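Residue numbers (this note's numbering): 8 to 880.
Hints in this document: simulated from the structure, not taken from any laboratory. Given the structure is predicted, the values throughout are model-derived calculations rather than measurements. Among these hints, one or two may not hold up.
[Stated by the list, open to error] Ranges of calculated distance between the beta carbons of each label pair, as one might list FRET restraints:
hint	residue 1	residue 2	range
1	E832	N751	57 to 63 angstroms
2	I337	R649	36 to 42 angstroms
3	V96	I337	48 to 54 angstroms
4	A114	T22	41 to 47 angstroms
5	D566	D392	28 to 34 angstroms
[Said to hold, decoys possible] With a straight-line cut-off of 25 angstroms between C-alpha atoms, the simulated DMTMM-like cross-links for lysine to aspartate or glutamate are:
hint	residue 1	residue 2
6	K701	E581
7	K98	E109
8	K651	D342
9	K651	E299
10	K74	E42
11	K840	D824
12	K126	E229
13	K225	E206
14	K708	D637
15	K583	D637
16	K549	E509
17	K211	E148
18	K158	D184
19	K549	E514
Heads up, the beta-carbon is just placed ideally off N, CA and C, and yes, glycines get one too.
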Amino acid sequence: MADVSIEKLAGDIGTAVDRLVKQFADAGIKKGPGEQVTEDEKRILLEHLSKQHGGAASLEPKRMTLKRRTTSTLSVNSAGKSKAVKVEVRKKRTYVKRSEVELAKQAEEEAKRKAEEEKAREQERLEAQRKADEAAKKAAEEQARKQAEAKARAEAEKAEREKREAEARAQEESLTDEERAEREKARQEAEQIRLQQEEESRRKLEKEAKKAAEKARKLAEENERRWKEEDERRRRRESEEVHLHSNRYAQEAEDEEDMQFERGGRRRKSKKRKNAGADLMHGFNKPAQPVERVVKLGETITVGELANKLAIKATEVIKTMMKMGEMVTINQVLDQDTAVLVVEELGHKYELVNDNALEEELLEEKTSAEKVGRAPVVTIMGHVDHGKTSLLDYIRRAKVAAGEAGGITQHIGAYSVETDGGKITFLDTPGHAAFTAMRARGATATDIVILVVAADDGVMPQTKEAVQHARAAGVPLIVAVNKMDKESADPDRVKTELSQLEVISEEWGGEHQFVQVSAHTGMGVDELLEAISLQAEVLDLKAPANGPAKGIVIESRLDKGRGPVATVLVQEGELKAGDILLCGFEYGRVRAMRDENGQEVKVAGPSTPVEILGLSGVPAAGDDARVVTDERKAREVAGTRRAKQRDLKLAKQQKSKLENMFADMESGDVTELNIVLKADVQGSIEAIADSLTKLSTDEVKVNIVGSGVGGITETDASLASASGAIIVGFNVRADASARKVIENEEIDLRYYSVIYQLIDEVKAAMTGMLAPEFKQEIIGLAEVRDVFRSPKLGAIAGCMVTEGIVKRSAPIRVLRDNVVIYEGELESLRRFKDDVQEVRNGMECGIGVKNYNDVKEGDQIEVFETVEVKREL
């Protein structure tokens, strides 16, 4: 800009000439009204005025604000009419200048940081160089030590040699000319061999020294190369840094938009953008190896929940189970064993957790009471009308049978009897159905079984079944031969018939006590009680007499006037009125306790049966009864048990199918094949049982848990359920009640009319139960001719199939110099550019090995299959 006069400058800025002259004078510039003013003098005046008003000396702006305003028209539909609305958008952006001091300070810090990094790298390089020098020095010292040892050894050998030569010369003087010639020839040969050995030793030492020096040199070069690469990476990383601002206004202070509508007058501020450009720094690194998760598994889990825990889609789990031969849905409940197999198949790990933490906490033993002797619990079993209840009636001195309809026991009764040998608890059952039902639930209520057999009637079908049930439960058996007061009594006949069932009396060399009794006259009752006491003494029955009570539900029913009524046999501790009792899926506070005579009981100890009131519902026979301290937790446990029982029922597999015996054998659930055998005649039973027993081997055993003549009854079905057996019917059929139990318990029932077909099918099932044998067969061999590097797939081996066939789905081994260096599976198999499933002998292909990138030229890839070898009995 050209120079102007003070008068013109005063007119331009709108001030008086005198005032402007005075301001120039204050700034140190003396000018007259008509004199010219330069640009530098104007700048000096502005700085002077700025200092007077408290500003900085520099005239450069510290902050710069840019504003922009735009107006647009929007068409808005309102009430079916179109209206035009004007929208005004205002934008403001402010930039702040960074001071020279801050810039200098930042530059100084950056230079200092780079100097420190350079110094650290130099120290690391010097340290690496020092280590390399030390290694080379050690190698040189080792070489010098070896040379000194070799020299000393050579000198010792030389002295020894001279000594031998002197001895040899002394001997040669006494030898003939021919002998001297032979000695000279041998000496020359020995000298030649020695020279060869010395030359070989010298070459070996020189070779080792060269090798050590070469190793030290390579180590130094490797360190130098590594540090150079690290420095190059650092520089490349610094050059790739993202700079958000490049102008002198380096810091963006604020970015906001104000949007104002003419209609309504609403204003909305957008969020401040913080960390602008930070998304430019994002990156993703592919995992170096597959992620292995640890999944916690309870007793049951749905397919969807398992997929969530594995962090994969449910379709992947369903697909995996379809490959394993199971068709499932996303909501299907899996049991623990199945879930473990699925997790392992997907390449993850599992951890079995206990879903019963609350239940275990609630049922935790809180007492360490000393165990004392308890009364034995005796179950009386036998055929209908053989005198079971009458015998117990005589013992109790009360007429129990008189109150039953038709003199037949209609429900379970539990009674405590005081005898000369102490207290005995008797369980009177209708046959043995309830006994089997309790045992099927895992209950162990009975210590001793008394088998009542009528002396005039002998062994009957229910007698045989009672023997089978007692033997399957592993309970000691005492035989009471009843009705000895009748003229037709024949106890020897009873012993003979029972001996055919392998129940042999002590008189005949067996282990079962036989007692002859009469419920009518009381004959032999004392001997029976003595036999019970003797057997109890052998068993040494003990239980804690104090503390929370534990027991088992013998029977239960719903009384119209009193509600749920349960007969509980206390096995440990003390049960008192007011205790909170948890029985299976039911719970409640004991409101009242009565004994078998209907008398109120305040406290019930071990081996005491009582009838209790106050439960929330009717428990099942065989359920455990436990006294707990917290009613709220008892309610939670009961609810949890109901839910778990429902889930287990959904996940329950057919446990007794012949087709599933092989799978059960693998999981360790089946060690023998249990069979309940029923036929039309006794001869068929004996023939079939003998043939099946002969099929047993050391690994698989046939165990006939029950057999009999006649149709398949509900009792047979209950026995099969309790023993995990299959039911085989030969020319017989199951009745309606038995079919209902078989259907509910999912028992395998098979009918046959040809004995050879029955034996062949059982033999086939046992063959499937044998532990399988596997062997590996090599199906193909490929030689690696070249290795290509792919950024996506890693190392790809270009191979020629030299033997057999290479399948993509088969496992492989990588061989180097005929040594296995890796075992895994193929990730890709290509022929030219196409993915293929198999490549045959003489063809080229590209192979990618999964999770392995160290394939080298000359390696061999061996493809094999695992083949199951069928075993036969």
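Now the hints, each set against the structure:
1. Distance hint check: the CB atoms of E832 and N751 are about 45 angstroms apart, inconsistent with the given range 57 to 63 angstroms.
2. Restraint check, I337 to R649: a C-beta distance of roughly 24 angstroms breaks the suggested window 36 to 42 angstroms.
3. Between V96 and I337 the beta carbon distance is about 50 angstroms. The supplied range of 48 to 54 angstroms therefore holds.
4. In this structure, A114 and T22 meet the distance hint of 41 to 47 angstroms, their C-beta atoms being roughly 43 angstroms apart.
5. Taking 28 to 34 angstroms as the suggested C-beta distance range, the pair D566 and D392 conforms, at roughly 29 angstroms.
6. Proposed proximity of K701 and E581 is contradicted: the alpha carbons are some 51 angstroms apart, above 25 angstroms.
7. About 29 angstroms separates the Cα atoms of K98 and E109, which puts this hinted pair outside 25 angstroms; it is violated.
8. Taking the CA atoms of K651 and D342, the gap is about 11 angstroms. The hint holds against a cut of 25 angstroms.
9. For the given pair, K651 sits about 29 angstroms from E299 by alpha-carbon distance, which is inconsistent with the 25 angstroms threshold.
10. Between K74 and E42 the alpha-carbon distance is near 41 angstroms, which puts this suggested pair outside the 25 angstroms criterion.
11. For the given pair, K840 sits about 30 angstroms from D824 by alpha-carbon distance, which is inconsistent with the 25 angstroms threshold.
12. Annotation: proposed proximity of K126 to E229 holds, straight-line Cα distance about 20 angstroms (limit 25 angstroms).
13. Restraint check: the Cα-Cα separation between K225 and E206 comes to about 28 angstroms, which exceeds 25 angstroms; the hinted pair is violated.
14. Taking the CA atoms of K708 and D637, the gap is about 48 angstroms. The hint is violated against a cut of 25 angstroms.
15. Restraint check for K583 and D637: satisfied, since their Cα atoms lie roughly 15 angstroms apart, inside the 25 angstroms limit.
16. Annotation: proposed proximity of K549 to E509 is violated, straight-line Cα distance about 30 angstroms (limit 25 angstroms).
17. A threshold of 25 angstroms between alpha carbons decides the hint, and for K211 with E148 the separation of about 17 angstroms falls inside it, so the pair holds.
18. Restraint check: the Cα-Cα separation between K158 and D184 comes to about 37 angstroms, which exceeds 25 angstroms; the hinted pair is violated.
19. Note on K549 and E514: the hinted pairing is violated, with a Cα-Cα distance of about 30 angstroms set against a maximum of 25 angstroms.
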